[in-house]
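Let the hints inform the model, and build the full structure from the sequences given.
Protein chains: 4
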Amino acid sequence: MTTKQKLKEAAMRLFGEKGYDGTALSEIAKEVGVKTPAIYAFYENKEDLFMTVFREAMDSYNTYVQELSGEKKKLGAKESLRRVLARQYEFYQRHREESVLVLRYVVFPPVFLKETIEQAFLNSDGLLTSIIEQFILQGMEEGSIPDQSLQPLVDAFLNVMDGLAMQYFYYTSKEVYERKLNHAFDTFWNGVSS
Amino acid sequence: MTTKQKLKEAAMRLFGEKGYDGTALSEIAKEVGVKTPAIYAFYENKEDLFMTVFREAMDSYNTYVQELSGEKKKLGAKESLRRVLARQYEFYQRHREESVLVLRYVVFPPVFLKETIEQAFLNSDGLLTSIIEQFILQGMEEGSIPDQSLQPLVDAFLNVMDGLAMQYFYYTSKEVYERKLNHAFDTFWNGVSS
Amino acid sequence: MTTKQKLKEAAMRLFGEKGYDGTALSEIAKEVGVKTPAIYAFYENKEDLFMTVFREAMDSYNTYVQELSGEKKKLGAKESLRRVLARQYEFYQRHREESVLVLRYVVFPPVFLKETIEQAFLNSDGLLTSIIEQFILQGMEEGSIPDQSLQPLVDAFLNVMDGLAMQYFYYTSKEVYERKLNHAFDTFWNGVSS
Amino acid sequence: MTTKQKLKEAAMRLFGEKGYDGTALSEIAKEVGVKTPAIYAFYENKEDLFMTVFREAMDSYNTYVQELSGEKKKLGAKESLRRVLARQYEFYQRHREESVLVLRYVVFPPVFLKETIEQAFLNSDGLLTSIIEQFILQGMEEGSIPDQSLQPLVDAFLNVMDGLAMQYFYYTSKEVYERKLNHAFDTFWNGVSS
DNA sequence: GATGAATGAGCATTCATTCAT
DNA sequence: CATGAATGAATGCTCATTCAT
Chain A
1 MTTKQKLKEA AMRLFGEKGY DGTALSEIAK EVGVKTPAIY AFYENKEDLF
51 MTVFREAMDS YNTYVQELSG EKKKLGAKES LRRVLARQYE FYQRHREESV
101 LVLRYVVFPP VFLKETIEQA FLNSDGLLTS IIEQFILQGM EEGSIPDQSL
151 QPLVDAFLNV MDGLAMQYFY YTSKEVYERK LNHAFDTFWN GVSS
Chain B
1 MTTKQKLKEA AMRLFGEKGY DGTALSEIAK EVGVKTPAIY AFYENKEDLF
51 MTVFREAMDS YNTYVQELSG EKKKLGAKES LRRVLARQYE FYQRHREESV
101 LVLRYVVFPP VFLKETIEQA FLNSDGLLTS IIEQFILQGM EEGSIPDQSL
151 QPLVDAFLNV MDGLAMQYFY YTSKEVYERK LNHAFDTFWN GVSS
Chain C
1 MTTKQKLKEA AMRLFGEKGY DGTALSEIAK EVGVKTPAIY AFYENKEDLF
51 MTVFREAMDS YNTYVQELSG EKKKLGAKES LRRVLARQYE FYQRHREESV
101 LVLRYVVFPP VFLKETIEQA FLNSDGLLTS IIEQFILQGM EEGSIPDQSL
151 QPLVDAFLNV MDGLAMQYFY YTSKEVYERK LNHAFDTFWN GVSS
Chain D
1 MTTKQKLKEA AMRLFGEKGY DGTALSEIAK EVGVKTPAIY AFYENKEDLF
51 MTVFREAMDS YNTYVQELSG EKKKLGAKES LRRVLARQYE FYQRHREESV
101 LVLRYVVFPP VFLKETIEQA FLNSDGLLTS IIEQFILQGM EEGSIPDQSL
151 QPLVDAFLNV MDGLAMQYFY YTSKEVYERK LNHAFDTFWN GVSS
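Protein chains in written order, with full-length UniProt numbering: chain A, 1 to 194; chain B, 1 to 194; chain C, 1 to 194; chain D, 1 to 194.
Honestly, the hints are just simulated from the structure, not real lab data. Please note that a few of the clues may not be correct.
[Claimed, not checked] What follows is a list of derived Cβ distance ranges for each label pair: (1) C:Lys114 / A:Lys4: 36 to 42 Å; (2) A:Val34 / D:Ala24: 21 to 27 Å; (3) D:Glu67 / A:Ala38: 49 to 55 Å; (4) A:Glu115 / D:Ala38: 37 to 43 Å; (5) D:Lys30 / C:Lys114: 20 to 26 Å; (6) D:Lys30 / C:Gln134: 49 to 55 Å.
[Unchecked claim] From the structure, some residues in chain C lie toward chain D, with a derived Cβ separation under 8 Å: (7) Asp21; (8) Ala24; (9) Arg104; (10) Val106; (11) Phe108; (12) Phe121; (13) Ser144; (14) Pro152; (15) Gly163; (16) Phe169; (17) Lys180; (18) Phe188; (19) Gly191; (20) Ser194.
[Said to hold, decoys possible] Here are the computed lysine to aspartate or glutamate pairs in the EDC-like style, where the Cα-Cα straight-line distance is at most 20 Å: (21) A:Lys4 / A:Glu31; (22) B:Lys35 / B:Asp48; (23) C:Lys46 / C:Glu27; (24) D:Lys35 / A:Glu44; (25) D:Lys114 / C:Glu17; (26) D:Lys174 / C:Asp125; (27) B:Lys174 / A:Asp125; (28) C:Lys114 / D:Asp21; (29) D:Lys174 / C:Glu118; (30) A:Lys18 / B:Glu118; (31) C:Lys46 / D:Asp21; (32) B:Lys18 / A:Asp21; (33) A:Lys78 / B:Asp186; (34) A:Lys114 / B:Glu17; (35) C:Lys18 / C:Glu97.
Just so it is clear, CB atoms sit at the ideal spot from N, CA and C, and this is done for glycine as well.
Rendered as structure tokens:
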């Protein structure tokens, strides 16, 4: 793997773990086995490295989420919605570094990123919203969800997702997390389908 | 107000907004109208100042939550649970700085705080759990919640709370947030009570 | 003498000798017997230190020049003009560091100083011009200088001064310099008075 | 034009404008449209590039001056001397970059150049002196200059030249400069011929 | 309590230079 | 010839911290 790629990965992990200000370029370089100035052969400066890495993580998350919409017809609404949570969980597990980074900086953006990130977040949020809407509409068509206005259900589901996002990062136990995921979803579905 | 108090407040806000590493003692001092070394008259060092401030924020949050349990008998279970969310929201609004700080460092603790914070969090979490349990039991006694095992409902409710916590910090609009809060709770209660 | 003062003097000499870019703050600090960051207790940054020092040198030169005009009546025009050169020479000798600095940066200003310096130079130049004018007028009144238009003589005298300024810095020998000064002035006066 | 030649020209301009320490090799390379290490194919290091360029500028100036001596018989002494100034002026205009460089580093040589430059300067100065001497002697033979010792007149003329050199770099206006040149020379000639 | 002076440690960044390709 | 990758050395600057006053 190229030095540039390795720098990106080290940066991803360290920026995620210790934050932008808490991560020295020298640490990133050291992890890659290179001296600090070598970074400047690939990135303009610390901010550039961070932004590159952050954008990539964000894109990776968005792509992951977007792929859900391709599968809508195969499953019932309930299973589709559960799959959304499962997929989010899968992303956290397979791309832990990206997840941490995205979550961290979406909730606590450094000043110089605030605007860019809000933009990116609204984008991603809108995408997700429309996917959820489709699944819920599907549920109404199927009859598994009674006819009612859409927004409350979408809001509730997004709330479940956000709650699970936070919990993923402070409940380290797989079992506990999966239990919480199931309980949250079951209660949600109960509320939606009755 | 004493310098010490003023330092605590400035530190609270700045540590919350810009993070531990992103906040220089000189900034805190400047906000208070004092030179940096003056801080050392009250706090051993940066870490000490941070810990003091963090602990206080955490305590403030815990106290706020704890006060809920005193009121259990006056209201029905549904209203009591809704009040929990309302109270959390109230805390965010009245003590925005404390909220940001607690949320930020519970989810992303700096290395030197990891252990302390996990302890504190488990504590707070346990407290909250038992309060929620009581309200749900009350609901079962009242008949507003069908008999069933407790944990799923508690997990679901805590998840609603966590979701709302995150959302408070990235949806800045009051109206949007309140809508999301109501929709999340209504769906939860629908799922729980049916 | 205070550290601040000592810093200024070291900066004056080093900036004059080795230029702005050729002088590291660490050198200045070292000469004063202090570590580099101590500089920041007194000056905002390198540019600030330089500007302070430069402005002071410029002021010092201007003051020196200005003092000439107070003495006009005591001497004949010829002696007064010769005294201007003598006084400039005296300034170079007594304030060698200031001289070098002023000359260096008036002729070769760094980009960030161009404007400020041009301003300061025009100021100083105007001052000097009017002093020379007075002495020449005095010469005409006395009859030592034939009536004629002023500007050619002023231009010629200022040119003598500029030439001597340059020569001071590349002819290190006192004797040679003084000879050149006398020859230049004598020829000038010959040209002016005939 | 060859890369080597282009490098020399870029170096000439940049070293003249911003000084040796203020000019990065990368800037020079960028102006030529080449990467920094390419420079090392032609020059041993920065110093070598600088010295090459400086020597060339110095030679160019010397050659220019030397060419004056070939023409001595065609004109009267006065016109010949005026031509020296005109030619110097012409050189400044046609070879502005070279002029700046020569002037800058003759007056303010960097440490590593001091010796070389003093040598070169004395050489050039001697050359110029002997040319001026010839013209003045010619004037005496012609009778346009009264018999007298040579040195004062040579010194005075060189002073005029030096003054004009300095002024060329801080009076940007062509008209002003030409006026100053004429006034300086006329006064000089007046002084010399009477 | 509070401050001015000072510092050690560290950081982002620049730059001249090297070397394999 | 020219470049990409890499580095050692240095630079300006920041920051937490100390200490005498």
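Against the structure, the hints:
1. C:Lys114 / A:Lys4: 36 to 42 Å: For A:Lys4 against C:Lys114, whose Cβ atoms are near 40 Å apart, the range 36 to 42 Å holds.
2. A:Val34 / D:Ala24: 21 to 27 Å: holds, 23 Å
3. D:Glu67 / A:Ala38: 49 to 55 Å: Holds, at about 53 Å.
4. A:Glu115 / D:Ala38: 37 to 43 Å: holds, 40 Å
5. D:Lys30 / C:Lys114: 20 to 26 Å: holds, 22 Å
6. D:Lys30 / C:Gln134: 49 to 55 Å: Distance hint for D:Lys30, C:Gln134 holds at roughly 52 Å.
7. Asp21: holds, 4 Å
8. Ala24: Given a least distance of 10 Å, the restraint on C:Ala24 is violated.
9. Arg104: holds, 6 Å
10. Val106: holds, 7 Å
11. Phe108: Since chain D brings a Cβ to about 6 Å from C:Phe108, closer than 8 Å, the hint holds.
12. Phe121: holds, 7 Å
13. Ser144: violated, 14 Å
14. Pro152: holds, 4 Å
15. Gly163: holds, 3 Å
16. Phe169: With a closest approach of 5 Å, the C:Phe169 hint holds.
17. Lys180: With a closest approach of 5 Å, the C:Lys180 hint holds.
18. Phe188: Holds - the Cβ of C:Phe188 comes within 8 Å of chain D, reaching about 6 Å at its closest.
19. Gly191: For C:Gly191, the interface hint holds, since the closest Cβ of chain D sits about 3 Å away, which is under 8 Å.
20. Ser194: holds, 4 Å
21. A:Lys4 / A:Glu31: With a Cα-Cα distance of about 12 Å, the restraint between A:Lys4 and A:Glu31 holds, given a limit of 20 Å.
22. B:Lys35 / B:Asp48: Since the Cα atoms of B:Lys35 and B:Asp48 sit roughly 18 Å apart, the hinted pair holds (cutoff 20 Å).
23. C:Lys46 / C:Glu27: holds, 12 Å
24. D:Lys35 / A:Glu44: Given pair D:Lys35, A:Glu44 holds - Cα atoms ~16 Å apart, limit 20 Å.
25. D:Lys114 / C:Glu17: holds, 12 Å
26. D:Lys174 / C:Asp125: With Cα atoms ~18 Å apart, D:Lys174 and C:Asp125 stay inside 20 Å; holds.
27. B:Lys174 / A:Asp125: holds, 18 Å
28. C:Lys114 / D:Asp21: Given that 20 Å is the threshold and the Cα spacing comes to 17 Å, the pair holds.
29. D:Lys174 / C:Glu118: Satisfied, since the Cα-Cα distance of roughly 17 Å is no more than 20 Å.
30. A:Lys18 / B:Glu118: Distance of about 16 Å is within 20 Å: holds.
31. C:Lys46 / D:Asp21: holds, 15 Å
32. B:Lys18 / A:Asp21: Holds, at roughly 9 Å.
33. A:Lys78 / B:Asp186: holds, 19 Å
34. A:Lys114 / B:Glu17: holds, 12 Å
35. C:Lys18 / C:Glu97: holds, 12 Å
Of the numbered hints given earlier, the model fails hints 8, 13; all others are met.
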